[in-house]
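Based on the sequences and whatever the hints tell you, model everything.
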Amino acid sequence: AQKITQTQPGMFVQEKEAVTLDCTYDTSDQSYGLFWYKQPSSGEMIFLIYQGSYDEQNATEGRYSLNFQKARKSANLVISASQLGDSAMYFCAMREGSYNTDKLIFGTGTRLQVFP
Amino acid sequence: DAGVTQSPTHLIKTRGQQVTLRCSPKSGHDTVSWYQQALGQGPQFIFQYYEEEERQRGNFPDRFSGHQFPNYSSELNVNALLLGDSALYLCASSLVAWDRVTDTQYFGPGTRLTVL
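Keeping their order, the protein sequence lines are chains H and P. Just so we're aligned: 90 in our numbering is position 90 of the first sequence, and the numbers increase by one with no gaps anywhere. Just so we're aligned: 113 in our numbering is position 113 of the second sequence, and the numbers increase by one with no gaps anywhere.
Heads up, some of the hints might be wrong.
As the list claims (entries may be wrong) - Among chain H residues calculated to face chain P with C-beta under 10 Å, some are:
(1) Gln6
(2) Gln8
(3) Asp22
(4) Tyr37
(5) Met45
(6) Gly62
(7) Gly107
Keep in mind that the hints were calculated from the coordinates and are not lab data. Computed from a predicted model, the values in this text were never measured in an experiment. Where is the CB? At the ideal position from N, CA and C, for every residue including glycine.
Shown next as structure tokens:
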């Protein structure tokens, strides 16, 4: 069964430093998508970055990059130059590629705290 | 460009009552998905609506039902509320992509339901 694992319940990082949030996944499908979302205390899930299973290059969006290692089934999020506003919960999610499977499977999340 | 909107923001009900939550998708999107997020957990997929029909359903009882209107907005109904239904309910909208897999799901701010 498809599964997302986030093993870091919480992470601390100093402002302006880089941080890596871990995500491993399990699927038997060849076509799938991997997503990272940010959830501030307000509750809204904010889309950050997407990586398709057939994409050869690692995805990047501004200060966010996704370290995609297909053989290891990992999709770690790297945040460069952390800011105080980055403090939030971060969720890794997966969508399998078949027509009838559009749902997102989420991990349990990592709480990131950025300190001055 | 308006994002995904949800109403109400907060709701308090008692056991056995019924509740209706509403969602308006992002402009240009035709698909709406609903998720339940219990405290301290990742979101769990409830169901997805496309072309006014339930396209896919997660592991939720029949007490959870929904509807999609011609303007793509959607409602989530929960009957016979239980204490365990207390959660943040998130709506996400997306657009069916060329390969019939939906594009990135964008989330609304959520409705926080408390059942007493």
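(message) If you test the structure against every hint from before, which numbers come out violated?
(response) Numbers 2, 3 and 6, in rising order.
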